Amino acid sequence: MTVPLTVLVVAASLALAAWAGWFVYRDRPVILRQLWGASVVEALLVVEAVVAGVLLAGSESVSSPGLFWGYVAASLLVLPFAAAVAFAERTRWSSVVLLLAAVTVAFLQLRMTQVWTG
Amino acid sequence: MPRPETTESKETAVTAEQPEAPHDDTPPTRAGFGRVLVAVYGILALAATGRASYELATKFSDAPLAYLLSLLAAVVYILATVALWRGGAWRGVAWVSCSVELVGVLAVGIASLADADAFPASTVWSGFGSGYGYIPLVLPFVGLWWLWHTRPHAAEEGTSA
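In the order they appear, the protein sequences are chains V and D. The first sequence maps to residues 1 to 118 in the numbering used here. The second sequence maps to residues 1001 to 1161 in the numbering used here.
Hints are computed from structural coordinates only; laboratory data are not their basis. As the structure is a computational prediction, the values presented were derived from the model and not from experiment. Hints may contain errors.
Stated by the list, open to error - Every beta carbon over 10 Å from chain D, so not counted as near; a handful from chain V, in silico: (1) Ala11; (2) Ala15; (3) Ala18; (4) Trp19; (5) Phe23; (6) Tyr25; (7) Ala49; (8) Val54; (9) Leu56.
As the list claims (entries may be wrong) - Partial chain D-side listing against chain V, Cβ under 7 Å, derived: (10) Gly1032; (11) Phe1033; (12) Val1036; (13) Arg1086.
Beta carbons: idealized from backbone N, C-alpha and C, even for Gly.
Same shape as in the complex, but just chain V (with noise of 0.2 Å):
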């Protein structure tokens, strides 16, 4: 993990998250240019963990791999299954989704540079 990589992961999902709150308050469902969106964010998270996995293979190491593996492995999860309910849920319920998704990927990044600096 470095600190302008995850800069950049809070501020597009972010970015995501005031989208999709844009739209719940259009009151309309989640559109696929929003999930182009998502799946940027989902290629910074992939990113982000490659590099994390290589400083975790060189000399950087964390006090606890375990929990900060989990949070980069729920923190893959939660867009993904946004995206899903994007395409069943077809009202702005999929965009308050979206929104509560964005924003858990955030907050997630949050508690993996408290392990990770921790």
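Following the hints, complete the assembly by docking chain D onto the known chain V.
Then chain D, alone, in the frame of chain V:
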């Protein structure tokens, strides 16, 4: 006269019908707002399961009671998620698991305030779920309300009995 139903029903028709009366193929506990409920329950189930398995694997002997409670919470959240997703015959499971959560979060919340020594390590339910933004406290109320809100209409006993 009734129009023949078009087999290729458009998305718009589904959208127009969904909000409050999802009666046919989709279990009512899952549709509409239910998606959000299942999503939040799913996230909490994931968090509680991860936490419990981590605690049990690495430091079970430190605080067995607290970590077993974490495990119980995880199981109940998983049950609630699945039951709310399935609906139908699973409604009973949903009622029970939401009720257990409510009792659990209140009991552990009060106990962790009153007798902090008995809970040296925190659980999902400690301090009424304050470590999780009080979501564990709010969620069972919302879950029970939703189960009541989506209850089958056949339960009008006044006419049948």
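- With 10 Å as the threshold, tell me whether Tyr25 of chain V passes as away from chain D on beta-carbon distances. At roughly 15 Å from the nearest Cβ of chain D, Tyr25 of chain V sits farther out than 10 Å, so the non-interface label holds.
- Any Cβ of chain D at or closer than 10 Å to Phe23 of chain V, or is the non-interface label fine? holds, 13 Å
- Message: So, as I understand it, the hint says Phe1033 of chain D touches chain V; can you test that by seeing if any CB pair is closer than 7 Å?
- Response: holds, 6 Å
- Query: Is the nearest Cβ of chain D still more than 10 Å from the Cβ of Trp19 of chain V?
  - Reply: holds, 17 Å
- Message: If I take the minimum Cβ distance from Ala49 of chain V to any residue of chain D, is it greater than 10 Å?
- Response: holds, 16 Å
- Item | Outside-interface status for Ala15 of chain V - nearest CB in chain D farther than 10 Å | It holds; Ala15 of chain V is separated from chain D by about 20 Å at its closest Cβ, greater than 10 Å.
- Item | Exclusion check [Val54 of chain V not at the chain D interface, CB over 10 Å] | At about 23 Å from chain D, Val54 of chain V clears the 10 Å cut-off, so the statement holds.
- Say whether it holds or is violated: Ala18 of chain V keeps its Cβ farther than 10 Å from all Cβ of chain D. Answer for Ala18 of chain V: holds, closest chain D Cβ roughly 18 Å.
- Message: Less than 7 Å between beta-carbons is the criterion; does Arg1086 of chain D satisfy it with respect to chain V?
- Response: violated, 14 Å
- Task: Test the statement that Ala11 of chain V is away from the interface with chain D: the closest C-beta pair must be farther apart than 10 Å.
- Result: Given that every Cβ of chain D is farther than 10 Å from that of Ala11 of chain V, nearest at about 21 Å, it holds.
- Query: Would the stated hint for Val1036 of chain D survive a check requiring a Cβ distance to chain V of less than 7 Å?
  - Reply: Result: holds, 5 Å to nearest chain V Cβ.
- Item | Distal placement of Leu56 of chain V relative to chain D, Cβ over 10 Å | holds, 17 Å
Violation of the numbered hints given earlier is confined to hint 13; every other hint is satisfied by the structure.
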